[in-house]
Amino acid sequence: MKIINCPLNGPRNASEFLWGGEVKEMPDPTASDPAAWADYVFLQENEAGIVREWWCHLPTAFWFIAERDTRTDEILRTHRPSELFGKRRDFAQPKPEEGA
Amino acid sequence: MTQVMRLSAPAGLLLDRTKPISFRFAGEKVEGFAGDTIASALAANGISVLSRSFKYHRPRGILTMAGQDANSLVQLPDEPNVLADIHPISPGLEVTAQNVKGSLAHDRRSVIDLIGGFLPVGFYYKAFFRPLGAWRRWEPVIRNLAGLGRVKLDAHHGYYDKAYAFADVLVIGGGPAGLAAAIEAGKTGAEVILIEEGATLGGSLAYARFVEEPSATRSLREHLVSEVASLPNVTIHAGTRAQGLFADNWVPFIRANRLYKARAKSVVLATGSTEQHLVFRNNDLPGVMMGSAAQRLIKLYGVKPGERAVIATANADGYGVALDLTEAGVEVAALVDLREIPAPDPRVESVQAHRLRILSGHTVVEAIPARGKRGIAGAAVARITAEGIFAAKAEALDCDLICMDVGYSPAYQLAAHAGTKVGYAERLAMFQLGPVPKGVHAAGSVNGVYDLEAVLADGRRAGWKAAGEAGLFCGPEPSAPEPFAGADGLNHPWPIFPHPRGRDFVDFDEDLQVKDLLAAMAEGFDHIELLKRYSTVGMGPSQGRHSALPTARIAARTTGHPIGEIGVTTARPPVGPEKFAHLAGRGFEPVRLTAMHHRHIEAGAQMMPAGLWLRPAYYGAKDKREEAITAEVRNVRENVGIIDVSTLGGLEVRGPDAAEFLERIYTFAYKKQPIGRCRYVLMTDMAGVIADDGVAARLAEQHFYVTATTSGVQGVYQNMLWYNAQWRLAVDVTQVTASYAGVNIAGPHSRSVLSRIVSDADLSPTGFPYMGVREGHVGGIPARIMRVGFVGELGYEIHVPASQGEALWDALMEAGRPLGIRPFGVEAQRQLRLEKGHIIVSQDTDGLTTPEEAGMEWAIAKAKPFFVGKRSIEIQRAAGVKRKLVGFVLEGGADDRIPKECHLVLREGEITGRITSVGLSPVLGKVVGLAFVAIDQAEPGSRFDIKIENGEILRAIVTKSPFYDPENKRQEM
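Residue numbers (the numbering used here), protein chains in the order written: chain A, 1 to 100; chain B, 1001 to 1973.
For the record, the hints were derived by calculation from the structure and aren't laboratory data. Since the structure is predicted, the reported quantities are computational estimates derived from the model, not experimental observations. The C-beta atom is built at its ideal place from N, Cα and C for all residues, glycine as well. Among these hints, one or two may not hold up.
As the list claims (entries may be wrong) - Computed cross-link-like contacts, DSS-like style, restricted to lysine-lysine with a CA-CA straight-line distance of at most 30 Å:
#, chain 1, residue 1, chain 2, residue 2
1, B, 1862, A, 87
2, A, 2, B, 1438
3, A, 87, B, 1671
4, A, 24, B, 1864
As the list claims (entries may be wrong) - Under 7 Å between C-beta atoms, here's a sample of chain B residues computed to sit facing chain A:
#, residue
5, 1247
6, 1250
7, 1686
8, 1687
9, 1717
10, 1718
11, 1727
12, 1865
13, 1875
Bound conformation, chain A alone (with noise of 0.2 Å):
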């Protein structure tokens, strides 16, 4: 079993783990074209390489971000969020008719 080594917690056997999925940017939620919608909701990239993933230590329920080489399975660093999400993120009021 692999050891994930969690920002918060340190070094924790897998299974205390729950992947959340690759990193992905939100397109705009007001107004984005469906088939772009469709793409972010429900397609991965499933890269063969380094990608950034979610993973989430389920006793703690702490999020953090790892970077891991699908090829190798190799973790190669882990970080806290808020190294990507820096900034409080804010939605745009919708145009007045979509609302209606």
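Chain B: place on chain A using the hints.
Chain B only, in chain A's frame:
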């Protein structure tokens, strides 16, 4: 029977001759000593046949004495497929043969051996696949013929458990290399675990004959064993098998009834090597064994392996075997050396000095069966004329033992698990390990090092490196030995002598001969992995330990590719057999009990599982189930009931952005929700699918107490944290499910009950309206009280600290007694909620249900800029939904034909949906339910068909829910 083949001490290192043990084999009483295995005790009594082979039912005996082959599989009363050569005897043990018809000595199925010529490789695939279904008829017959042991289905469930282990350095293998590594690592202060498969430490030092004098080997072993035992930081597990080498040095190992899961900073693989067999006619008969097996019998178990031996060898170790046999009183008829000229070695000189007969450039070409084929009567020996070919003229030598010493193969399994490739050193005619991964070190003969001094040096080097990797250093690096020191001339390049009359076995487990492999390759299965699957070579219990090397050689010669390219089939865990009991362990089934659990039991509740929780299904005897549920429902509708809802999920959401956060997570609006009010929450996922629901109670401007479903709360909590990891809102979420106990008290008299024990909250309809939340004391216990329409009656949900749950329950029961309060269970709750048309997430919704399909658009605040799932819901709404969740009433009143959940909804015979919840409502006198139907079936008043189990069609009318009290007057009283 006396122990006719027993040798006197010092032979028999493992024996305790002060402790005789008698057991039974195939009905006969057998005597042995403590320390004997089943096979060694049988051999001591001159019993040579242990089993019958898998396919041809040929007699089989000891091959390795190391638990590495299928020849020794026997049946114990409660356990099939026991390795007789490593399983210890115990008083009264009942051992029987398996896979025989009649007796082991006279197996009636051995007739199959005579017709074997008509059973070529792949016979089953070709013979039994037509006509369609034929295999189903033949399979039981063939399985019965080619069986292994029998599983006793009513066997006693023994005690098995699991343990974790941690080490700086884990050394696998307790032979000279492993001992040297463990000592070297142990001296640095590292925490070391040393695992040895055999019953005792020392590996080959305990039985093999090296270049060194036997007395020197003996004292070396004693010295190493006492040194490793003197190190308090080295934990020794003998009789233990490492089963796999997984990522980051995660190693499961089994010792007796315990499965350990070890994590090591560094691993030393000192797994040694496996002696290889010579391929010749009848090389499988009892009496033909590895030279190392004969040595194990003598040195470890004090058993004389035969009276007169022929040794077929191609290295000096075979000469060592000849010396050991001679010293044990076995007459050596001849030493048959495949080589023309033996390389110089003290053991060769010693054999020559003993004037034993040596036949150079010869091989054993056939073992001559004894009468009744229960052993051998002699060996036919002939001159080798070319690679794999021998002269027609053979000499017959009388013997009852043939020892094979023609080479070794590294025990590469664990290294292969870790990703190491197995290559082939042409010069040495030997498999060799490719580079091992970081954190793993190979040492000793698995690493191709055979010279004893070099093996020790290799072990010290590996132990030092492994300790260093774990962060411990002590002294300078020990010098590394020459690569492959002592490996020259051990392996004969072609110890394969096919016989015109066959029975020249490559794989003993599966009864595979040279011609079987040739036939499989001729049919096109010439890749090693295909060859394995078609011929089954290497698929038996020995997992290719003996068959991999000759198979690779034969495949290489046939295909013209180098052996290194042919390679070996993928080695997968486990290394050795493991029982389901080891994997199952103690079989824990943890349950969560609410604070009021014991009160439910006292009240006669029948408990049911809800996730990990136990909840009361109903209160009363099992044979009065329906009456109990009906009475509970009636008491809620007409009087007052109480239900334990502690299993409901609870979340505290606090902070300046608490309301903003809920607006994004849930579909409804919460910013303007007044303090002291509750609001329904509905969660959709990013795809717009309903994920969970509950209630949000606003306790303060920046504080919400949110409930979630019992099974959904953990996922809700994780999702909340995941989203906020990206949004960075100023909010804190805490899971408090286990911190609170909860009850729901419901019914027209609930206010009256509560008013008796609540002093600090205004319970009047205006002071505490429907969907209000108050903090106060119930029976003196601090509580959060929410007025929600849980079952469609006037009712209150009361949450208190879990430690006070039982006291709350008692206080409410006491206060309600004059009014006839009674507890109700999950069954009554479901019925009550169904009458109100309340959906249960994941019962009435599935993995695709959107709020629009479920008729819950009312719970969506469309004007919000964002909530999870909003965009998907908009896109789906534009595309149009294809089904609707509707309430229905069954036509024709209530009789015994009640449809069930998942019965199909039809439109003119075509499936359009299914029932999700259904039940007979005694209050309404009707069968009501919820169902998914097609859009054009969804209008209230329209009718649809339901197909029930027996194919009968029932009619239902779409009816607006709630079915009961449609104007919701009762819950708002």
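Fill in: Hints not upheld, ascending by number
none
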